[in-house]
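Peer 1: Got chain W sorted already, so can you dock chain A with the ligand onto it with the hints?
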Amino acid sequence: MEATVSIPKPLTAKDFASDQEVRWCPGCGDYSILKQVQTVMPTLGIPRENFVLISGIGCSSRFPYYMNIYGMHSIHGRATAIASGLKATRPELSVWIVTGDGDSLSIGGNHVIHILRRNFDVNIMLFNNQIYGLTKGQYSPTSEEHKVTKSTPFGSIDHPFNPAALAMGADGSFVARTMDRDPKHLQDMLKRAHAHKGTSFLEIYQNCNIFNDGAFEIYTDKGTKAEETLFMEQGKPLIFGAQKNKGIKIDGLKPVVVSLTDGYSPDDLWVHDEQDFYKAQMLTRFFDDPHGEQHLPRPFGVFYDISRPTYEDVMVQQIIEAKAKKPADLDALLAGKETWTIAE
Amino acid sequence: MNTDSVQQLDDVVIKFAGDSGDGMQLTGSQFTNNTALLGIDLSTFPDFPAEIRAPQGTLPGVSGFQLHFSSNRIYTAGDSCDVLVAMNAAALKTNLKSLKKGGAIIANADGFDVKNLRLANYPEGENPLEDGLLQDYNVHVIDITKMTREVLKDSPLGMKEKDRAKNMFVLGFLYWMYDRDMESTISFLNTKFSKAADILESNLNVLKAGYHFGETTEAFGSRYHISKARMEPGRYRSITGNTALAYGLIAASQQSGLPLFLGSYPITPASDILHELSKHKNFGVRTFQAEDEIAGISSAIGASYGGQMGITTTSGPGMALKSEAMGLAVMLEIPLLIMDIQRGGPSTGLPTKTEQSDLLQAYYGRNGECPMPVVAACTPSDCFNTVFEAFRISVQHMTPVIFLSDGYLANGAEPWHFPNSAELPKIKVNFKPARENEEELFQPYVRDENLVRAWAIPGTKGLEHRIGGLEKQHITGNVSYDPENHQLMVKIRQEKVDKIADDIPLQTIDHGPESGKVLVLGWGSTYGAIKSAVNELLADGFSVAHAHLRYLRPFPKNLGTILKNYEKVLIPEMNNGQLIKIIRDQFLTDATGYNKIMGIPMTKQELVVKIRELL
Ligand code: SF4
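As they're listed, the protein sequences go chains W and A. The numbering used here puts the first sequence at residues 1 to 344. The numbering used here puts the second sequence at residues 1 to 615.
Bound conformation, chain W alone (with noise of 0.2 Å):
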């Protein structure tokens, strides 16, 4: 006998991308970004139907449309809290939020540390670009103080958000950072991110040319990269530098630069653990600014990734264990404990 089983083709890249022209400017970080998550959904073996994308207002808030799965392009900020009405309540789907520094720290500030504390498992991507790009290039809240924007014609007296260091704050179960510019860690940070479960916080610098033109260069530019970016991999210790010659090391409760030509070894140096809360938060604080002396690197990867119950998780099992004592009976609820009876 012969069957005929239909083996469906594999997804690729082409079946994530919709038939919709991406708006954004030519040469925007975000085409990276759209890029390499169509190319790694299809890679995680879900079927495209349950994936869904809702984002908030913002340039990057647009991603949706680019996008041939389901997509909700919400209002300013809410995107983080639209996807734990419907992780709560589909929690069969994947739920992905793209969001900006200013939807999801400004105006989404507050969703945002909720949805991290309550730890529903969806990924949120928050495309740092340090700027306001869709209302034309005001100061943000992750934008350096001193900033002259349009809105800033003086110089911005605001201090910027740390967003790693926030997420570390609000309790989030999986913090990353990863760049528009290295595609190939980009992809890993976003399978990274699926594979958790939990609320995934990845932070993602992005390159608005238009408005910020090169906010991460020292970060992202071959000269200066390797000097500038500590890249943190599980279990290794935590070397940098174009020549893999530095290193650091914790001294007493202080991070600080060593030297492996200098007299240290490998073995000397912090080595990194993704489940060390402490930790974590120190290496979330690697924040200087780049261009000060003595400045430690700015760190790239999973900063943290632990495993706590999910909210939609302990919402269901509490439905199960409420049916499972009290069977549904409409009549008896409408009826409740005390009635009477007015005969004919």
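No lab work stands behind these hints: they were computed from the structure. Note that the Cβ used here is the ideal one computed from N, Cα and C, for glycine as well. Do not take every clue at face value.
[What the hints assert, rightly or not] Cross-link-like lysine to any residue pairs, in silico, SDA-like; alpha carbons within 20 Å at most:
| no. | chain 1 | residue 1 | chain 2 | residue 2 |
| --- | --- | --- | --- | --- |
| 1 | W | K326 | A | N282 |
| 2 | W | K337 | A | S421 |
| 3 | A | K93 | A | L59 |
| 4 | A | K279 | W | E338 |
| 5 | W | K326 | A | K93 |
| 6 | A | K281 | W | G336 |
[Stated by the list, open to error] Facing chain W, according to a computed beta carbon distance under 7 Å, are these residues of chain A, among others:
| no. | residue |
| --- | --- |
| 7 | R237 |
| 8 | R286 |
| 9 | E291 |
| 10 | S298 |
| 11 | S299 |
| 12 | A303 |
| 13 | I467 |
| 14 | G469 |
[Claimed, not checked] Here chain A is said to cover these stretches of chain W; the calculated rule only asks that three of the stretch's residues, wherever they fall, bring their Cβ under 8 Å from a Cβ of chain A:
| no. | segment |
| --- | --- |
| 15 | 40-50 |
| 16 | 58-68 |
| 17 | 332-340 |
Peer 2: Same frame as chain W, now just chain A with the ligand:
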């Protein structure tokens, strides 16, 4: 034993008033339950201070519970009271004006000591119980605190805990006075304090002591008996508006097969809906106490997008915060229920007081052209039916719906001839089915004859699509900035809501002639007061009728005709005139308003006076 006379009465209004720590709400609701179980008709009006514990003994700290019960059908908690229970001087002072001349005052002596009199702002040396100020009333001073302590003298409880039982003394005494059996309260206490034997015993003993005090004392010659009301045959229970609302949602969920998701932020007077729904996880109800009002509605939108019934509950200030998200739901054209339990405004306003504050907000309070259906309940138990309708309209017309209730309905109780689940209609839900053959693109904004689009939920193969708050292109749902398209879409969204008028019942006249001199047109919680007033005037032979709107947007199709059948239209509202603006706008009816904006319900009497001016 004093068993002399039991006098028959038709109708009584009792007001229980005391400090917010005196347990008057509990006393009132216990007496209410006991009354209900006897088949007597009733209506209640709890009246709380805004502060949980305002300074003890002060005027702002007074908490009241008004109960109207009768052997006739009644529709309000009563204009004024026959009996006032005053646990302290402040309670007497705040409530005396609502006591009928000749009415009875039951005063707790201990609540009228020098300190309490001073806290209630009585002039130095003045005591209303002693100074002949209450000559017009029938005053009974009982030393409740002292007698409670006496009953509990051997109890191991501390003095504070002992004093807390004094509301049971009052309750016991009233049970005696109204010829009641105390079983309902005894069983309530047994359950409530099943794990606190000392407290249970003290409450039971004090309750009985109050009853025995009535029996043995000479001062109260007569007891009263109210017979059961002539109500429609069937099974009844007592219900508050917020509970009826929660049950209506659960019932609609069962009848539609759509699980409920409630995203809500606590706010008075809506929080009890969150409390109630959170108990019923066995019905698959998901409740989510969000970080703010905006997250409340946003999470509900997420749930509706995912194919459950997203609900958010709130009151005026929270409603304002949700407006932007409501606009999103209008653009997305998905089901969603927004429950606004109105209270006095603007701003924080009067959180614990009732007002029909938000009709205009519900109608117009969003950016852009943003029409949404609006319905309003008119009695506590009517919250059940009206919310069931809101649910049906929302699902079958793919639109967010605003449901309006208010503080009076939310906390007020009445007997409810509750339905059998078999009598409830089914609510049909159509999810767009999966597609295997994906040759053609799925077009999310294709509409049926009612202009309703399909509900295509994530996880359905072949329907992957994008929606959002940007203007949609007709049919495809793609983003569109085309001028003609925007005009078209604005008109379509309006027409879609207007078309719901084809799917709701015609307006009926509640009672009174089909045409005549005056039509009193109401909406919401003024139902009982209007009905009572119109009944009285009809009995006196006047040409007056009452119509009450459940469907406020769109209006029933025959409303315009009805308005033309009367010489004059009176629109009483507990606001500064909101429905009247809309009626004038839509029908050019030269209606007259009657507006009470005091945070308290309308009375029958004031309406009778107002209607007579027009007759
Ligand atoms: S404004 Fe900046 S962030 Fe926005 S699309 Fe253009 S380059 Fe990208």
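Peer 1: Indicate, hint by hint, whether the structure satisfies it.
Peer 2: Right, here's what the structure says about each hint:
Taking the CA atoms of K326/W and N282/A, the gap is about 6 Å. The hint holds against a cut of 20 Å. A distance of roughly 17 Å separates the Cα atoms of K337/W and S421/A; the hinted pair therefore holds under the 20 Å criterion. Taking the CA atoms of K93/A and L59/A, the gap is near 8 Å; set against the 20 Å cutoff, the hint holds. The hinted pair formed by K279/A and E338/W meets the criterion: a straight-line CA distance of about 18 Å does not exceed 20 Å.
Taken as a hint, the K326/W and K93/A pair is broken in the structure, with Cα atoms around 48 Å apart against an allowance of 20 Å. Pair hint K281/A plus G336/W holds up; C-alpha atoms about 16 Å apart against a cutoff of 20 Å. Satisfaction of the interface hint for R237/A is found here, the shortest Cβ-Cβ separation to chain W being roughly 5 Å, below the 7 Å cut-off. At a threshold of 7 Å, the smallest CB-CB gap from R286/A to chain W is about 6 Å, leaving the interface hint in force.
For E291/A, the interface hint holds, the least distance from its beta-carbon to any beta-carbon of chain W being 4 Å, beneath 7 Å. The closest approach between the C-beta of S298/A and any C-beta of chain W is roughly 4 Å, which is under the 7 Å cut-off, so the hint is satisfied. Interface hint at S299/A: satisfied, since its Cβ lies 3 Å from the closest Cβ of chain W, which is below the 7 Å cut-off. Given the 7 Å rule on beta carbons, the hint for A303/A holds: about 4 Å separates it from the nearest Cβ of chain W.
Among the interface hints, the one on I467/A holds; its C-beta lies about 6 Å from the nearest C-beta in chain W, closer than the 7 Å criterion. The beta carbon of G469/A comes within 5 Å of a beta carbon in chain W, closer than 7 Å, and the hint placing it at the interface holds. Only residues whose C-beta sits within less than 8 Å of a C-beta in chain A count toward coverage, and the segment 40-50 of chain W has 4 of them, enough to reach three; the restraint holds. Counting residues of the segment 58-68 of chain W whose C-beta lies closer than 8 Å to any C-beta of chain A gives 4; at least three are required, and the coverage claim holds.
With a cut-off of 8 Å between beta carbons, the segment 332-340 of chain W has 7 residues touching chain A; three or more are needed, and the interface restraint holds.
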